[in-house]
Amino acid sequence: MSPLTTTAASAAARPAPESATAPGAPGLGPLALWLLAAVVVLALVTAASLAVGARGLAPETVWQALTRFDPANGDHAVVHARIPRTVLGLLAGGALGLAGAAMQGVARNPLADPGIIGINAGAALAVVTGIYVFGLSSLTGYIWFAFIGAAAAAVLVYLVASLGRDGATPVKLALAGAALSAGLFSLMNVILVSSRDTLDRFRFWQVGGIAGRDWSVILPALPFLLVGAGLVLATGRILNNLALGDDIARGLGQRVGLTRGITALGIVLLCGSATALAGPIGFVGLIIPHAVRFLAGPDYRWILPFSLILAPALLLAADVIGRVILLPGEVPAGIMTALVGAPVFVWLVRRGKGAGL
Amino acid sequence: MATLQTSGLKLKYDQRTVIEGLSAEIPEGKVTMIVGANACGKSTLLRGLARLLKPAAGTVTLDGRDIHRRPAREVARTLGLLPQHPTAPDGITVRDLVGRGRYPHQGFFRSRPAGGPAQDERAVQQAMAATETLELAGRNVDELSGGQRQRVWIAMALAQETDVLLLDEPTTYLDLTHQVEVLDLITDLNRRRGTTVAIVLHDLNLAARYADHIIAMKSGQIVAEGTARTVVTEAMVRDVFGLESRVLPDPVSGAPLIIPLGRHHSDSPQTTTLELVQ
Amino acid sequence: MRTADTKTPVDLSLPVAKTPAERPKLIAQHRRTAVLALAVVALFAASVLLGSYTVTIPDFFRILGAHLTDGEKIPGASFIVMEHKLPRAVVGTLIGAAFGLSGALFQTMLRNPLASPDVIGISYGASAAAVTAIVVFGATGAAVSGAAFAGALGVATLIYAISRSGSLGSGGQRGDAAGSRLILAGVGIAAALHAVVSFLLTRTDIRTAADVLIWLNGSLNSANWDRAGVLGIALLVLVPAVALLSGPLRILELGDDTAAGLGVRVGAARLAIVITAVGLAAAATAAAGPVAFVAFLAGPIARRFIRKASLPAAALTGVLIVLSADYVAANVAPLLLDGTVLPVGVITGALGAPFLLWLLVTSNRKDA
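Protein chains in written order, with the working numbering: chain A, -12 to 344; chain B, 152 to 429; chain C, 633 to 1000.
Derived from the structure by calculation, the hints contain no laboratory data. The model shown is predicted, which means the values in this text are computed figures rather than measured ones. Heads up, the beta-carbon is just placed ideally off N, CA and C, and yes, glycines get one too. Don't take every hint at face value.
Said to hold, decoys possible - Taking CB as the label site, the calculated pair distances span:
{"no.": "1", "chain 1": "B", "residue 1": "Gly297", "chain 2": "A", "residue 2": "Leu245", "range": "33 to 39 Å"}
{"no.": "2", "chain 1": "A", "residue 1": "Val28", "chain 2": "B", "residue 2": "Tyr164", "range": "38 to 44 Å"}
{"no.": "3", "chain 1": "A", "residue 1": "Leu245", "chain 2": "C", "residue 2": "Arg663", "range": "51 to 57 Å"}
{"no.": "4", "chain 1": "C", "residue 1": "Gly861", "chain 2": "B", "residue 2": "Glu286", "range": "52 to 58 Å"}
{"no.": "5", "chain 1": "B", "residue 1": "Asn356", "chain 2": "A", "residue 2": "Leu220", "range": "43 to 49 Å"}
{"no.": "6", "chain 1": "B", "residue 1": "His236", "chain 2": "C", "residue 2": "Phe693", "range": "55 to 61 Å"}
{"no.": "7", "chain 1": "A", "residue 1": "Ile312", "chain 2": "C", "residue 2": "Gly786", "range": "21 to 27 Å"}
Unchecked claim - Short, incomplete list of chain B residues facing chain C, as computed with Cβ under 7 Å:
{"no.": "8", "residue": "Leu203"}
{"no.": "9", "residue": "Ala207"}
{"no.": "10", "residue": "Arg221"}
{"no.": "11", "residue": "Ala223"}
{"no.": "12", "residue": "Ala227"}
{"no.": "13", "residue": "Pro234"}
{"no.": "14", "residue": "Pro237"}
{"no.": "15", "residue": "Thr238"}
{"no.": "16", "residue": "Tyr254"}
{"no.": "17", "residue": "Pro255"}
{"no.": "18", "residue": "Val331"}
As the list claims (entries may be wrong) - If you want the ones that stay clear, here's a sample from chain C, every Cβ over 12 Å from chain A, calculated:
{"no.": "19", "residue": "Arg663"}
{"no.": "20", "residue": "Val667"}
{"no.": "21", "residue": "Val673"}
{"no.": "22", "residue": "Ile706"}
{"no.": "23", "residue": "Gly778"}
{"no.": "24", "residue": "Arg796"}
{"no.": "25", "residue": "Asp837"}
{"no.": "26", "residue": "Ile838"}
{"no.": "27", "residue": "Gly899"}
{"no.": "28", "residue": "Asp970"}
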């Protein structure tokens, strides 16, 4: 018997591996159950977002307000007022989660996040310019500027960081983002120092939160959100391939430049919309994909939907906590996510994730 | 006059013990090669000898004195190291880099050795002459080719003027010509100055040829020690590397030459360890 | 490449002459450093003598002499020069040197030209502490400086502790991995502290918020002799420390393993360098707030100019950046902006941003 046949025979005799996932389609099973659990968590947090606040309400009241609205009922009015806020939290959170996960996949960098890589600074500068030059003062007005600023900054950071031999390594992205942020904030400060009015309007927007916004803010952003989400959700397999490295991805038949560009477009649409809706909110896009990875493994076809569901849960939870933690005032969601996010980020860095150069 | 020894050495990274209870001596005035398969602990041993790793147990002694109890600079005057991935800062010239090898002999408030700066210059000059890098003196290190750069690093180690020199895989990433060039250079050093040399080398054939003394390691233990002729046998290659081979005297130097047997291109094909696992 | 020349025996008894190609290079480097020093002197003179209020040189010496001998002062001019322009120029010089050195130390030690105390969160530590002091405790003046100093040190300690622990790689990569961890941890903490600062800005009235913003940008408006004195003393201690540490630093540049092989106590040396660099940044931030970009840019600009990494050149460049930016902020900006004197940090930031992008682009491309 030649060695070749011996090996072939013994290969066939080898027992099949444990987890039977057919190549190509994510298998149903435990992960689907977890996804269901995530949806339940989101539903609960959403309910909390409608019920909790300076004026706390019972679940039945909330249910009645939704199904049998009585305009004369003060409690019902409060619930209705909280609806746009909740919806905005869901949308912005979902956008941030999806964008963060996709960003980590495209950049092959587990520490990518809109806040850290400078997108927020771009949006901020654009908004300040809008206020100063065009006298904007409403959130509806800010949206477009925030959007364009975020997009421009994202492109710039990625371009700059990817020059050089290694492409966009974690450290280069973080530094390019931080450096760009510092630069843009400085430019912004020229305006803010000269115009007290601008400062007065801007300082409330830049904190990042979902309060005080209504449908006039949400509706214009909706098409961008939907297109962006659609694009990104379709990139699961693309991101899986990219995770193996550009060369291997090409070897598997993927058009790396094109697919990366499309994914980036989706990310920018999502990030721009999220920042336009809720101001600069950091860390959500960073932490959620990591938490999801612990649960769902490295397959982006699962990471993306999980991020889409759990990120809004985190954002709304942060918002809810912010409503009660500093009564009678509120702590904006953007601050709560930062306060929670920083220790988690530090823990991630300590574990060595992302230090890979 | 420098004997480098270890006794009962235990070395670990975080919680992972790599070497335990190892005793060895690097014979003075000879070229010692440390060989073994990947992850057998040879680099770890070298780093332990070079004072880069603090032993969890056991001692490393130089001339009978524990090197971890002596001031770092003092040890560095006798024991030099060329590590695996040396980094050259941007824009540094060759002369500048070689000059930094004099650091252990310099010092602000320490009494300088007799000769002072002139001695430094002489050592640098000699080091560059020995490695044939004098003509590169003014060039930037990052402009040089791999082989040239390695020679410059060796010059820096030479400028340190130590009695013992440890090198961790000095020939990786070099083509064959440069590998031989570097090893010839190190042999010159040993023959002319009597420097004790210990080298971790992954190329077994080159190691067998250039070694006066071989230490073969496996799983953190020394499994064979001695001259190339006594140590490098088919049995050792099988044991340490899991490789079937023929060992013959090399027609050029007479040192043992290992000819690996794989599954193809031989008249008595052997299965490798990889297949035996099935 | 071997030529016949290298095989001829070298006469080792002669003292080594640098090869003909090398000597002019060295002289050029020294000359350029001298140019920097001269520029600093010129700029210092310009800050004191020129601008929106000019003083002639003889008048200046008369004022100085009168002050030292308690003689007759020139009304108006004496006050402006001694209480205003001169201390401002002195503090500007001191913080420029301090920031410049601090940035260069970080960049060399972390082996990354893009690392600097501003970027890695130390400035934000100072800012967060100072803003908290102003908004929550209503502090002013020296208390704010003290808070800033403490904040900078606190964050630096935190970041250092984070980078030291955690999973270690093996071998020489350990130092580099710790360096990356330090950068990443710093960036993350900076982002979080920025959120805190933003929040505090919304919790106060617009007047205080405007004042806080000025401080946040780094400003020499409140420069006085007290601050100059404290800063001067700090530098008196720290600058010699830098000089002492420059030896081990040059060896650390070669990689942790090589440095250890050459007899440097790597852990101790790194710690000492970090403490010195943080001390410099903290002292300067306490004196004038976090002036953007000086620490970041001084080292790379100096290196481009001198063609070699040099700590003294970095210090001099830092001074140049601060003094020229302040000149623009105090004298040029009011002409364009209706009399508003901008904080110096706004100028360094606004001019620094495009420069920084250029540095990033060219330093990245160099790797290719």
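These are the hints, each one checked on the structure:
1. Gly297/B / Leu245/A: 33 to 39 Å: About 36 Å separates the Cβ atoms of Gly297/B and Leu245/A, which means 33 to 39 Å holds.
2. Val28/A / Tyr164/B: 38 to 44 Å: About 40 Å separates the Cβ atoms of Val28/A and Tyr164/B, which means 38 to 44 Å holds.
3. Leu245/A / Arg663/C: 51 to 57 Å: For Arg663/C against Leu245/A, whose Cβ atoms are near 53 Å apart, the range 51 to 57 Å holds.
4. Gly861/C / Glu286/B: 52 to 58 Å: Holds - the Cβ-Cβ distance for Gly861/C and Glu286/B, about 54 Å, lies within 52 to 58 Å.
5. Asn356/B / Leu220/A: 43 to 49 Å: Cβ of Asn356/B to Cβ of Leu220/A: about 56 Å, so the range 43 to 49 Å is violated.
6. His236/B / Phe693/C: 55 to 61 Å: This hint holds: roughly 58 Å between Cβ atoms.
7. Ile312/A / Gly786/C: 21 to 27 Å: 24 Å, holds
8. Leu203: The hint holds - Leu203/B has a Cβ within 7 Å of chain C, the shortest such distance being about 5 Å.
9. Ala207: 15 Å, violated
10. Arg221: Violated, because the Cβ-Cβ distance from Arg221/B to chain C comes to roughly 10 Å (cut-off 7 Å).
11. Ala223: 4 Å, holds
12. Ala227: 3 Å, holds
13. Pro234: This interface hint holds because 4 Å falls under the 7 Å limit.
14. Pro237: Given a least distance of 5 Å, the restraint on Pro237/B holds.
15. Thr238: 4 Å, holds
16. Tyr254: With a closest approach of 5 Å, the Tyr254/B hint holds.
17. Pro255: This hint holds: Pro255/B lies near chain C, its Cβ roughly 4 Å from the closest one there, short of 7 Å.
18. Val331: Violated - the Cβ of Val331/B stays beyond 7 Å from chain C, reaching only about 14 Å at its closest.
19. Arg663: Label holds. Min Cβ-Cβ 32 Å, cutoff 12 Å.
20. Val667: 28 Å, holds
21. Val673: 28 Å, holds
22. Ile706: 33 Å, holds
23. Gly778: 24 Å, holds
24. Arg796: 10 Å, violated
25. Asp837: At roughly 10 Å from the nearest Cβ of chain A, Asp837/C sits no farther out than 12 Å, so the non-interface label is violated.
26. Ile838: 5 Å, violated
27. Gly899: Holds, because the least Cβ-Cβ distance between Gly899/C and chain A comes to about 18 Å, which exceeds 12 Å.
28. Asp970: 8 Å, violated
Violated hints, in rising order: 5, 9, 10, 18, 24, 25, 26, 28; the structure is consistent with all others.
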